[in-house]
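Engineer: Sequence:
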Amino acid sequence: MSDDSALPPATNFIREIINDDLRAGRHGKRVVTRFPPEPNGYPHLGHAKSICLNFGIAQDYADVADTRCHLRFDDTNPETESEEYVSAIKEAVQWLGYDWDAHCYHAADYFEQFYDVAVKLVKQGDAYVDSQTEEEIRENRGTVNEPGVPSPYRDRSVEENLDLLQRMREGAFDDGKHVLRAKIDMASPHMIMRDPLLLRIKHAHHYRRGDDWCLYPMYDFAHPLEDAIEDITHSLCTLEFDNNRRVYDWLLERCLPEEEHESRPHQYEFSRLNVGYTVMSKRKLLQLVERGDVAGWDDPRLPTLAGLRRRGVPPAAIRAFCEDVGVTRTESRVQISRFEHAIRDTLNTTAPRVMAVINPLKVVLTNYSADDTEWMELPSWPHDIDNEGSRRVPFSRTLYIERNDFQEDPEDGFRRLAPGRAVRLRNSYVITCERVVRNDDGTVKELHCTYDPATKGNVASTDSPTPQGVIHWVDAQAGLPFEARLYDRLFSVPAPDGGDEDFKTHLNPDSLQVHEGIVEPSILDAPSDQRYQFERVGYFWQDPEDSSRKALVFNQIVPLRDRWADDDDTVDLEAERKAKEEAKRKQRERSIAAQRDPAEQLSEAERAVYEQYHRELGLTRDGAALLAGDEPLRTFFQDALSHYDAPQAIANWIVNELQAARKDQSLTALPFDARQFADLVRLVDTEVITNRAARDIFGRMMAEGGDPAAIVEDEGLHQIDDTDALREAAQQVVNENSDEATRFRNGEQQLMGFFMGQIMRATNGSADPQEAQAALRKVLSEG
RNA sequence: UGCCCCGUGGCUCAAUUGGCAGAGCAUCUGGUUCUGGUCCAGAGGGUUGAUGGUUCGAGUCCAUCCGGGGCAGCCA
408 MSDDSALPPA TNFIREIIND DLRAGRHGKR VVTRFPPEPN GYPHLGHAKS ICLNFGIAQD
468 YADVADTRCH LRFDDTNPET ESEEYVSAIK EAVQWLGYDW DAHCYHAADY FEQFYDVAVK
528 LVKQGDAYVD SQTEEEIREN RGTVNEPGVP SPYRDRSVEE NLDLLQRMRE GAFDDGKHVL
588 RAKIDMASPH MIMRDPLLLR IKHAHHYRRG DDWCLYPMYD FAHPLEDAIE DITHSLCTLE
648 FDNNRRVYDW LLERCLPEEE HESRPHQYEF SRLNVGYTVM SKRKLLQLVE RGDVAGWDDP
708 RLPTLAGLRR RGVPPAAIRA FCEDVGVTRT ESRVQISRFE HAIRDTLNTT APRVMAVINP
768 LKVVLTNYSA DDTEWMELPS WPHDIDNEGS RRVPFSRTLY IERNDFQEDP EDGFRRLAPG
828 RAVRLRNSYV ITCERVVRND DGTVKELHCT YDPATKGNVA STDSPTPQGV IHWVDAQAGL
888 PFEARLYDRL FSVPAPDGGD EDFKTHLNPD SLQVHEGIVE PSILDAPSDQ RYQFERVGYF
948 WQDPEDSSRK ALVFNQIVPL RDRWADDDDT VDLEAERKAK EEAKRKQRER SIAAQRDPAE
1008 QLSEAERAVY EQYHRELGLT RDGAALLAGD EPLRTFFQDA LSHYDAPQAI ANWIVNELQA
1068 ARKDQSLTAL PFDARQFADL VRLVDTEVIT NRAARDIFGR MMAEGGDPAA IVEDEGLHQI
1128 DDTDALREAA QQVVNENSDE ATRFRNGEQQ LMGFFMGQIM RATNGSADPQ EAQAALRKVL
1188 SEG
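Quick note: the first sequence uses this note's numbering, first residue 408, plus one each step.
Rather than coming from a laboratory, the hints here were simulated on the basis of the structure.
In this text, a Cβ means the ideal position worked out from N, Cα and C, and glycines have one as well.
Hints should not be assumed to be uniformly reliable.
Label-pair distances were calculated between CB atoms; the ranges are [said to hold, decoys possible]:
id	residue 1	residue 2	range
1	Arg1069	Glu996	31 to 39 Å
2	Lys993	His922	43 to 51 Å
3	Ala723	Thr550	45 to 53 Å
4	Trp782	Arg845	12 to 20 Å
5	Arg833	Asp778	35 to 43 Å
6	Glu665	Arg1069	22 to 30 Å
7	Gly1106	Ala1132	21 to 29 Å
Given these sequences and hints, build the entire structure.
Structural biologist: Listed below in structure tokens is the structure:
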């Protein structure tokens, strides 16, 4: 047993399961996970979620359990896989900051073992060689509405199966001639269980095996075996494999020796990651790459990890993002603002500030000496970030500022440069715009300004008015020209793959914008992979492929948040709320309209019983219909009635408790009989015990049987309705929760539930609810 | 139409396993700031998909319905 307090917090349902397993001592204190990609494409943000989940668990549980996380290439299909993808995946995992140590495996290395299991299954009569054609197999599988029909080869002898299987392995047959199938149930309502294929013949070149093997396993065969071979404890995958779990369990139960059963791997599914305004499927990403919509797998607009990396997104931001979105079973689409937030959040404290202009507008300081250049020592960090550092920045007569930091006819609220207005140049002087110089076509060519020498640094100026705005600038002579690549969302709609149209019709034509900018020269002093904040613009770094000291190229990692920018794509929250409300209303109408008469499905005879239950015994319609339509339940009901004649109470207990608790267990298999059940109901009904205590007792009866009255004596669960005792208990509860009591007295009536919970806990669920509430009210009103 | 999974503020998740419906992001306001960034304070925003039932008490249990998704590859 582990020390409970030592377990990492159960931040999601999977970690909750792991904590339970650890507490229960399952798997011998081991937690072994795996990241099992097929090397047939570049890993993307969705894979990052899985990587962080699996490797994160191994990391976080290392102190309380024997943990590891395997990197396993699920390379079972020779036609789509290649070494290129293997190395891309390895790089991505390492880049994200994870390490598989010695545990890098390939499914292709297990083929012989898979074959041995196939032989075992055949010998057990759990698998057979099917020689139908592909079409025949498909047709005979049936549909979701019709059962399948068994293959004519289904009952081949073990010897014949073994012989065929061996020759399949030896390469005696062409592709598709035979397959190995599990022998399960061709009529199963679960399509996956209609004799799933296990092995197929492919005479193809495998990037790892070469041409020495031709019997390739299907996913359903390979995956559970891979997990078992590697001693995985928790096999985590995405939701679409939910159905496959049936085969997974079926197979392991048949393949594992009895003593290994307890610690066999279990599969748990979580929902895959979707992000707004992008696509996250290898197939779709491949299309974009092949069509040339993007420049390659590492195009910075792509959600591939290679693309994100090239764009400059720090791996820590991706980890934080994955942490942030959590792990659940509900399908969802995350807003990109969440991702951007994670990026800004990590860069804010790690990216030193420099100044760069993306859209230059020339400014001439008419009262500044033409020959002078002053070098200013400027801090690399703002006052609120606790980092040290500075850089030298040149300042002279001609500068560049951002074109949109000037408006000839300033709109309301505009705090920057305009004719006649002054503005603070970040970390230097206040300047005033004196004259606008135009091109022939009337557009603004440059600005003539004056600067106030008295405003340098933190010195307050005497004659210049205090400007409202601060803008960034770069010296025109010493500034370095560079290519700025600004990236916008790849698609123009939130869910490009959602509609009926081809997702590519939603490509955003402006997803890449290239500008000619100017950056301060200090960036040449740092390594070329330094990430910066270009003040007031965004986070940037040099493109690792295309940038050089001679020809600088900066990628915008993410822009700064800008509350001033008129964001035309902000959503109308009010409208969304209205739409949702409307949708809810419609749904309610539909839901109510489709409500059926509970007796509708009943047979003639059952309906008579239903009528009697409903009218004579006073059962609810639903309860009456349920009992009338279920033979064993009805018998149990009648039986119980003969011991305690309280039809409504008995029926309620059967419908709401018994039925739920027994699941598909047969009623005769229960550890108690109808008489004891009736006794329990009588105890509640006659107020010997509370409803709540009765539920606890029922739970015990379900687990180990027993006589309810005896359990009551055993546990001392008699209902407490003694006024003085309850009064005392109420007083104590109120004393222990004086804050809540004050709030209650101030009108927060809903806190009664809280107090009831406390008093119930204190009395082991035995306090008479009415009396307890009365006592509480009394005590609370007296305070 | 068979079976399976999923519905909690605009978005993503919580809710001590039946006991005060909360947090972060987004939005809006105010404060700080030589970045319209960051940070701080505050506000708005919910019939927990719906209806009925059990219970002193239901987001949580039961029934029915509605909506979304998955399964009929020799893909994974």
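Engineer: Please list, smallest to largest, the hint numbers that this structure does not respect.
Structural biologist: 4 and 5
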